[in-house]
Amino acid sequence: MHPKQWRGHRGLRFRAAAVCAAAALALGVAACSSSGSTGNSAASGGTKVAGGTATWALNPSAVPNYIFPFASSTYFSTVNFEEFQYLMFRPLYWFGNGASPTLNTSLSLADAPVYHGRTVTITMKGWKWSNGETIDAQDLMFWMNMMKAVAHQDWGDYVPGLFPDDVTDIKVVNSSELTMTMTKSYNTTWFTYNELSQLTPMPLAWDRTATGPSDCAANEADCAKVYGYLDSQSKSMSSWVSSPIWSIVDGPWKLASFNPDGNSSFVPNPKYSGPVKPTLAKFVEEPFTTESAEYNVLQAGAAGGQKLDVGYLPTTDAPDKPANAAVGANPVSGYTLAPLVQWAINYFPVNMQSSTGNGPVNRQLYFRQALQYLMNQKAIIDGPLHGYGSYTVGPVGTYPATNYLSPQGQQGDPFPFNLAKAKSLLTSHGWKVVPNGVSTCQAPSLCGPGIAQGHQLVFNLPYATGVNWISSEMTQLQSNASLIGIKLNLEPKPFDQVVAIGAPNCKVAGTSCDWDMANWGGGWSFVPDYYPSGETLFASGSGANSGGYTNAENDALINQSLTTNSLTPLYNWQNFLATQLPFVWQPNGPYAMTEVANNLHGVLPQSTTGNLNPETWFFVK
Amino acid sequence: MTGFFIRRIVQAAVVVLLVTMITFILLRAIPGNVAVAILGPGSFRNPALIAAFNREYGFDQPWFDQYLLWLRHLVEGNLGFSWTLDQPVASLLGSHLPKTIILVGMATILALVVAVPIGLWQAVRRNRLVDYTFTGFSLLFYAAPSFFVGTVLILVFSVKLHIFGPEGPQGGLVSDLTDWRDMTLPVLTLALITMALFSRYMRSAVLDNITEDYVRTARAKGASPRRVLFRHVLRNSLIPIATLLGLSIPYIMSGALITESVYNYPGMGYLFFKAAQQQDYPTLLGFVIVVAVAVVVGSLLADIAYAILDPRVRYTRS
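Protein sequence lines, in the order shown, are assigned to chains A and B. Position one of the first sequence corresponds to residue 1 (our numbering), numbered consecutively onward. Position one of the second sequence corresponds to residue 1001 (our numbering), numbered consecutively onward.
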């Protein structure tokens, strides 16, 4: 899944050992850290060979279905953006330096933005489209006008009040320079990482409708019709390869073949202006129904006649990770195992707006703390995750190591498994705890407002099937909870159903509030909102604030972190929220147990932002 | 005879109608918000967008009205539009159904070609080693789920021996017909489980026929054992197999669904798998229609075949 969207289970891939940009160092982020691999021949050795075809396995049942980079929420997914469109159409700013989720100025289409007060200046580098035209400020204005015209309806990352609502006075100064004014003085890192990260220049050849050329690049009023035309062209999948629109690219790759089942192939764009030109002659993406089907192909390839060059290991087949090693013994010979953990947090919401009768219970901090004490993150990481997960300790991710995580957050899990503390929290708040039974409220004045005498701790908890460690975690939590009389009725369901039930703030979205908790297994990835601030996920009334958590102090701290060029407000906010438990924190499992053929180099380290860079890949002999 | 056919066709239509209605109700009973599932998690920010979707696709109407609307479109030849694949369902079925037909067709032909002689041989050699051996294999494959058979075949013939590919052909129909290396295991998987069923029925049918009066008469008239077996017994024993063929369609289709998933073969099973995961109701309903029609037609054809092959049925009914 994509940014500002909830994360699916599986997914992304590689990014080559790109340059660790100065920007990363300036931010003090631990750039270029590997996502972990055995460090064998996928990283070094052999003689580079030009050409060849590299085949990469798509995630189960995830295939591209939209090519226009201006995507509505329906098409706003990792498989459409990072794994497909970005190969051909590059965003203005590229994020990812090795494993570090930071601005990569070398691969970006413009120089780093320059801030003067509330004015932002963007200077294009003058790279070329495949039709020979320069990627200029007018192309960026084309995108901005479309954002202003249709974003509220048709841009999947749109949040009311944020981009483009938080900018005014957008001007093309000259062919290479565009300026805009922020509506207030924002934290410049946040503005670059979460707002400007959404921009993608579009070629003027796209500025047309079915009847002929249009002028959206200069006139916002023309944009709705242009969007309608491009949207319809993007939905016509059978015409993508031959389309005169989608064949104009600025990325390193051009689409050579595609079928709606997801089989696609790319060839190098000879006009690509970026610093890293493709070495491969062809890059192929292959879809799979299940991860078992993919694993069969991987194993057969490893035994001879390699069919997949980059695939993945089902988590259940992952080897146990020894304490002092990056990975365990790889069960697939001829490949290098490299787990990819995303720049993300993992959690599941507790619905404080639940209409089942449990809303008042879920609103009690002591109850959420008791539940968090029952979540044994260490046991999950050591057990079903085979040692490959990372802890979620609050609203900021712990992997990769960044300076966004506060010193307090770096100290680890604030709620290590503790049955006695969980029980004590209930008994001290008026609950009669019945181990292996159902606990009931005996003193309503202590239980909390709205909780009646005799109210039972019984909750429904739908969770996403398909990921074994999540199923194990849910069973373990159910078992732990039963020891203090909390009955969790687990309901296994497909991922999309769980997201539809539990991801939106039901009061804001107008969806049913008839659920207590919901676990889609993937939490949230910080892409393309790379700065881990809380305005989207945790602010009162935010649509992605799944459980409906609301707290004035939290809102004030978020606001400070968005308007101050310092990390201190971000630390203050996350320290506060980590123990407020708007969600139940759970381990962040690997997004993919990636397997890279040993004769294919340049794949590692993988990008924690999910970007795919096959232009850095090459075969060796 | 005509009345019989008309009655059966009317019954078939009613069955298809009931199947679609039950499926429609079950799909609508799935918890969760369809609009959010289809429009994407980000759509929650825009209630107007969700409302527009519900209005456009009739989700703001009672389920029966939605069903009638869908039925009206169906009668007009419109199977609906896939929300996730942005294509008419008819077009999706048109592109995926032929692949499944090729897989099922090849597997069924292979199963018949092998199962009929085996069943015949077993009957002739009943209660001997060859009979016990084939019975053992038949029961094994009949009991084994297709995903298990598929996985074992991949491990043996693809991972260990490298004789066949571990997945079905990824290209178009031409590759399905020409890429024997990748097509063999999916066909074999489906054929093995079907073969087990057919050979058991064939054995029983031959054993039933071999004791009939007409066989004794043929022998008494001096017909050679070979002539009796192939000219008389085999022909009559094929009658229940023809019936079984029609009735086996749901069994074969469900096997194909799993087999396609195991072998990453982009047919109807692949389409169904994706649609089920993404709450793509129009595609799911389209799939159900195809399978329901196939089952009903198969059953109808079985009845017709039986009536044609066995004159006693015709005479009795007339």
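These are calculated hints, taken from the structure and not from any lab test. For clarity, every value in this text was computed on a predicted model and none was experimentally measured. There could be a bad hint or two in this list.
Computed from the model, here is a short list of chain A residues facing chain B with C-beta under 8 Å [stated by the list, open to error]: (1) E133; (2) D136; (3) A218; (4) N296; (5) Q299; (6) A300; (7) L490; (8) P494.
Note that CB positions come from ideal geometry on N, CA and C, so glycine has one too.
Interface hint outcome for A:A300 [beta carbon to chain B under 8 Å]: holds (4 Å)
Cut-off 8 Å, beta-carbon criterion: hint that A:A218 touches chain B: Result: violated, 28 Å to nearest chain B Cβ.
Interface hint compliance - A:E133 to chain B, C-beta minimum distance less than 8 Å: Result: violated, 29 Å to nearest chain B Cβ.
Minimum beta-carbon distance criterion (8 Å), A:D136 to chain B: violated (30 Å)
Evaluation of the interface hint that places A:N296 against chain B, nearest CB under 8 Å: Holds, about 4 Å.
Status of the A:P494 interface restraint (C-beta, 8 Å, chain B): The hint holds - A:P494 has a Cβ within 8 Å of chain B, the shortest such distance being about 5 Å.
Chain B contact restraint for A:L490 - C-beta distance below 8 Å: violated (14 Å)
Hint check: 8 Å Cβ-Cβ cutoff, A:Q299 to chain B: With a closest approach of 5 Å, the A:Q299 hint holds.
Of the numbered hints listed earlier, those contradicted by the structure are 1, 2, 3, 7.
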